[in-house]
Amino acid sequence: MTDPTRPAYSGGPAAKVVATPENAVRDITHGARLAVGGFGLNGIPDRLIAALVDTGVGDLEIYSNNCGVDDWGLGLLLNNRQVRRVVASYVGENREFARQYLAGELEVELTPQGTLAEKLRAAGVGVPAFYTPAGVGTPIADGGLPWKYRQDGSVAVASPPKEVREFGGRRYVLEEALPADVALVHAEIGDTEGNLVFAKSAMNFNPLCAMAGTVTIAEVEHLVEPGEIDPVQVHLPGIFVERIVETGPQEKRIEKRTVRDNNHESEQN
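Basically the numbering used here = 1-based index in the sequence shown + 1238.
Bear in mind the hints are in silico, worked out from the structure with no lab data behind them.
Honestly, I wouldn't trust all of these hints.
What the hints assert, rightly or not - Have a look at the derived ranges for each label pair, beta carbon to beta carbon:
| no. | residue 1 | residue 2 | range |
| --- | --- | --- | --- |
| 1 | Gly1381 | His1268 | 27 to 33 Å |
| 2 | Gly1382 | Arg1408 | 19 to 25 Å |
| 3 | Asp1297 | Leu1340 | 18 to 24 Å |
| 4 | Pro1469 | Asp1309 | 37 to 43 Å |
| 5 | Val1470 | Pro1371 | 33 to 39 Å |
What the hints assert, rightly or not - SDA-like, lysine to any residue: derived pairs with alpha carbons at most 20 Å apart:
| no. | residue 1 | residue 2 |
| --- | --- | --- |
| 6 | Lys1438 | Pro1469 |
| 7 | Lys1438 | Leu1461 |
| 8 | Lys1400 | Pro1384 |
| 9 | Lys1400 | Val1374 |
| 10 | Lys1400 | Glu1347 |
| 11 | Lys1438 | Gln1351 |
| 12 | Lys1386 | Gly1342 |
| 13 | Lys1386 | Ser1327 |
| 14 | Lys1400 | Ala1367 |
| 15 | Lys1386 | Tyr1328 |
| 16 | Lys1400 | Ala1355 |
| 17 | Lys1400 | Trp1385 |
| 18 | Lys1438 | Gly1352 |
Even glycine gets a Cβ: it sits at the ideal position worked out from N, Cα and C.
Using the sequences and the hints given, assemble the complete structure.
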């Protein structure tokens, strides 16, 4: 994805700091496999995603827990028809995601959440595949899950069966690692060497996606100098990060708000 003849970083060939999100994603190519951190709308690299929307690059394959909502995060890429395939564990609150999938416009591989996390982690540590009990005895292992529909509602592409073996009297299904060309992640704090600190539950998929990417691009709310982060507090070492851009405080959105009906409660009392 990287053109070696173009300077990708603001500080020279060896520097990781990039001036803007636009510069950070400008050489992501058509058809790239992207591991995108966050969970719902929490800890998502929203500035990098918005910059990627502006590039117009398409035919993307996305690895992420889900695809946000219609007007935010990965939903923007879906709305702009830049995504060909998604590997996720939850369709979530994104109506356009569900519509494209059911209409045969989008290929979707639904994967158990823990399995998805381990597939990303395995890619980061160089493990090509692993066995897990999750999904044994279901279409996850047996095959037949609809990955893509035709416009008439019939199944165009179905999942293949996977290898199942027995260990210690229990059956396990073989799952392959999920390496990505590029990882997009969000962190609260990062230093210019790429060491990252994630805030609270943003620890979810961000470190795993960062490990899975051949090139990892991190947006951070606060950029500091090397040594300002206590090494004990580093959640992801800079060895996994190729580019880093400071984007300032992130807008905090709620994917789905549920509130109690106080009037109904008063009537009951």
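Consistency of beta-carbon spacing, Asp1309 to Pro1469, with hint 37 to 43 Å: holds (39 Å)
Supplied distance hint 33 to 39 Å, evaluated on CB atoms of Val1470 and Pro1371: holds (34 Å)
Satisfaction of hint between Glu1347 and Lys1400, Cα-Cα up to 20 Å: holds (14 Å)
Hint consistency between Lys1438 and Pro1469 [alpha-carbon to alpha-carbon, up to 20 Å]: holds (18 Å)
Straight-line alpha-carbon gap Lys1400 to Pro1384, limit 20 Å: holds (15 Å)
20 Å Cα cutoff - pair Lys1400, Ala1367: holds (12 Å)
Satisfaction of hint between Gly1342 and Lys1386, Cα-Cα up to 20 Å: holds (6 Å)
Given hint Val1374 paired with Lys1400 - CA-CA distance at most 20 Å: holds (10 Å)
Range agreement (Cβ of Leu1340 with Cβ of Asp1297, hint 18 to 24 Å): holds (20 Å)
20 Å limit on alpha-carbon distance, applied to hinted pair Lys1438 and Gly1352: holds (19 Å)
Satisfaction of hint between Gln1351 and Lys1438, Cα-Cα up to 20 Å: holds (19 Å)
Pairwise hint evaluation, Ser1327 against Lys1386, where the allowed Cα distance is 20 Å at most: holds (15 Å)
Of the numbered hints listed earlier, not one is contradicted by the structure.
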